[in-house]
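Asker: The lines below spell out each chain.
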Amino acid sequence: MNMEINMINVPDVPNIGAKMKSGGYRLVVITCTPVSEGYVVTYSFDKDYKLQHYRISVQDGVKIPSIGPSYGGAFVYENEIHDLYGFTFEGMTLDFKGTFIKTSIPYPFKKKEQTAPTVTVVNKEAKE
Amino acid sequence: MKMLKTILKQFFHEPVTTLFPEEPPRNYAGTRGHLVFDPSKCTSCTMCMKRCPSQAIIVDRAAKTWIIDRFRCVMCGNCVDVCKFDSLSMEREYSKSAAAAERGVEKFDITYVKPEKPKKEGGE
Amino acid sequence: MTSASKSPWILHYNASSCNGCDIEILAALTPVYDVERFGIINTGNPAHTDIFLVTGGVNEQNKVVLKNLYDQIPEPKVVVAVGICASSGGVFRDCYNISGGVDTIIPVDVYVPGCSVRPEALIEGIVKALGILEQKRAAMEERK
Amino acid sequence: MTGKQTIIPFGPQHPVLPEPIHLDLVVEDERVISAIPSIGYVHRGLESLVDRREYQDFVYLAERICGICSFTHSSTFCQGIEGMMGIEVPPRATYLRTMWGEYSRIHSHLLWLGLFADSLGFESLFYNAWKIRESILNELEATTGGRVIQGVCKVGGVRRDVTPQFLSEMDDRLDGIEDEMKELTNVFLNDYTLKKRLVGKGVLSKEDAYILGAAGPTARGSGLDIDIRSTGYLAYGDVGFKPVVEKDGDGYARCAVRCKELFQSVEIIRRVMTDMPSGDVSVPVKGNPDGEYFSRSEQPRGEVVHYLKGNGTKYLTQFRVRTPTLTNVPALVSIIGGCELADVPQIVLTIDPCIGCMER
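Chains as they are written, first to last, in our numbering: chain A, 1 to 128; chain B, 1001 to 1124; chain C, 2001 to 2144; chain D, 3001 to 3360.
Simulated from the structure, these hints should not be mistaken for lab results.
Keep in mind that the hints are not guaranteed to be accurate.
Claimed, not checked - Straight-line alpha carbon distances no greater than 20 Å define the calculated EDC-like cross-link-like pairs of lysine to aspartate or glutamate that follow:
(1) D:K3131 x B:E1014
(2) B:K1005 x D:D3179
(3) A:K47 x D:E3207
(4) B:K1005 x D:E3180
(5) D:K3131 x C:E2036
(6) A:K19 x D:E3207
(7) C:K2006 x B:E1022
(8) D:K3314 x B:D1081
(9) D:K3314 x C:D2094
(10) D:K3131 x C:D2034
(11) D:K3286 x B:D1081
(12) B:K1009 x D:D3179
(13) B:K1050 x D:E3054
(14) B:K1005 x D:E3183
(15) A:K21 x D:D3225
(16) B:K1009 x D:E3178
(17) B:K1009 x D:E3180
(18) A:K47 x D:D3225
(19) B:K1050 x D:D3051
(20) B:K1002 x D:E3180
(21) B:K1002 x D:E3183
(22) B:K1002 x D:D3179
(23) B:K1005 x D:D3175
Unchecked claim - Listed next, the stretches of chain D that the computed footprint assigns to chain C, with coverage defined by at least 3 CB atoms under 8 Å from CB atoms of chain C:
(24) 3036-3044
(25) 3052-3064
(26) 3147-3159
Positions of the beta carbon are idealized from the N, C-alpha and C atoms, including for glycine.
Using the sequences and the accompanying hints, generate a full structural model.
Answerer: As structure tokens, this is what we get:
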């Protein structure tokens, strides 16, 4: 499994999309991950079952250019990242404007202030 | 010709449908149906409570009770795997449904008595 | 025994379940379990329904749909929460988008445990629901 | 053409769909101009639980992403953890995982064939497909202990072994199942009514399938040779695997891919059973995962990607699932445009939407 990740700059995203498309690559997934400083968005492409990853590092509020012009199917990932993490993508082929996945709390995967609890908390009401 | 075969098959073939309420429900030796608790072996180490993916089990060490909510248990059998004292096992029969008034948790009193030589148990 | 409890019609709604219980409900309708031999028919229309089967621990977008469907079912009606997610939220109880059980939105009469629910358990739950349906009908007659 | 456009809502509660998905169909007369999907009726937020449950227990949650593809989800998750921690899984365990994976593929394809027949109003075929599916489920239950949610994978191997006696008897039962499936698929591939509803409907060209990122039978029906099983993960490298590919890209091609894959899966199960190595089925796992990993495998509906990220504790920091149905949605939107309104239900079904998977 190729875990080599190429770091790129945010404005290069559409160029990478076009380059990958002309190289015969298939878009596999776009993943957003919170890291210690901000987030990283990873674009994974596949050719002959070999994965190729490109990664951008972003902060809250950054507008990310869409790779929709190259890969028409990218809108599902981009809308999802918008709804779950709160990033805006510019130039999506189909923009749901935050209605793709409705959640009870806005942007549930957005980084919270405190880290997640490490002990499983058992619901108190059932204890009686 | 093919149709004749199908028709004849109907006469000599057992019905596909199980006659469920009259017939007992089908299951296999390995079917995970419901969880069975043996109160005489439990040392209240609380491993089952910690490792339950759906948090259906509550072990109260002070009150010496072991409680399971059948309506939360997912029958994964993880607790059976992590129990070091053979106090838990899986039975084939599924848990029964309940009307709103009957719904509740099942409570067991732990009857395990520590052997003569007391030694430290797992958990904190 | 009235005609409704001899041949109850069911409506099935997936309120954010994982599919496991839904396919078991369908499996209960197909030849091996064949609940149609009890006169149980799966309908798509809430106005025809006597027994409402709900799977899954209701999520944000489903709350309204579920409430709507429940309101459209004529009295007497019985709600069956199928599977542990519908009963209590199950493994998804702690998820941000799950309200935790059907009973947080609409009143539930019968809870059927299981993950996923076994068709036999489901049939038994429906039989239990029939008894409640009959009681509700009798209570309605009395009120008249 | 009147040029007047109407928007018709399709779903979320629709008789052909057991699961809620909503499509806004923009219709001009009888012709659908475009479709706008809206999902989220089944979104639970399962990925957020990963930092609250230990990674070994999360396997049981991962398989509850979806009740149909449950086995593949659990094995993909375990594969990811094992890859991250460098655990060598015993060969018998990989063979068993392959066997159960193929069983669940047969069960899923039969389920789809049944639902599809039902959407056309072909009730007896629906019942027949589900009757055969029950015998597959019985095999699964006898070996794993669960009907649709098997709960048999664990990090480091599998939880149960099968006896040699059971395997030898399974061969006979597989013969019976294969005969029944032959009769069934014969109807799907040669029946006049079904052909009429399938041939030339919902055509997805090879280029579109590639650009829109289609996966699984949807892509293979359009002539794209994508099947992650070709990479030879688990035991697929040993059994010799060649994807089923159809060229036409219409509903019939997608249906044919699934019908042929049924027999391919039976073939794989047979190979796995004869070559089954002996030995342990699991290795003890020590330590905690650290690093990140993309775990991929082939679900009944296509390629699934689990992205895992650990930080050396018992709890993973990030878990993300990309399921095949999500990448098939753009393809669905594109093939619905231009079709007739009456064909929409079965065109939606030909991509085999699994909403529970898609929204987690």
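Asker: All the hints need checking, so say for each whether the structure fits it.
Answerer: Here is how each hint holds up against the structure:
no., hint, result
1, D:K3131 x B:E1014, "holds, 14 Å"
2, B:K1005 x D:D3179, "holds, 14 Å"
3, A:K47 x D:E3207, "holds, 15 Å"
4, B:K1005 x D:E3180, "holds, 14 Å"
5, D:K3131 x C:E2036, "holds, 15 Å"
6, A:K19 x D:E3207, "holds, 17 Å"
7, C:K2006 x B:E1022, "holds, 18 Å"
8, D:K3314 x B:D1081, "holds, 18 Å"
9, D:K3314 x C:D2094, "holds, 18 Å"
10, D:K3131 x C:D2034, "holds, 10 Å"
11, D:K3286 x B:D1081, "holds, 16 Å"
12, B:K1009 x D:D3179, "holds, 14 Å"
13, B:K1050 x D:E3054, "holds, 9 Å"
14, B:K1005 x D:E3183, "holds, 13 Å"
15, A:K21 x D:D3225, "holds, 17 Å"
16, B:K1009 x D:E3178, "holds, 17 Å"
17, B:K1009 x D:E3180, "holds, 13 Å"
18, A:K47 x D:D3225, "holds, 11 Å"
19, B:K1050 x D:D3051, "holds, 14 Å"
20, B:K1002 x D:E3180, "holds, 14 Å"
21, B:K1002 x D:E3183, "holds, 11 Å"
22, B:K1002 x D:D3179, "holds, 14 Å"
23, B:K1005 x D:D3175, "holds, 19 Å"
24, 3036-3044, "holds (count 5)"
25, 3052-3064, "holds (count 4)"
26, 3147-3159, "holds (count 3)"
When the structure is compared with the earlier hints, no violation turns up for any of them.
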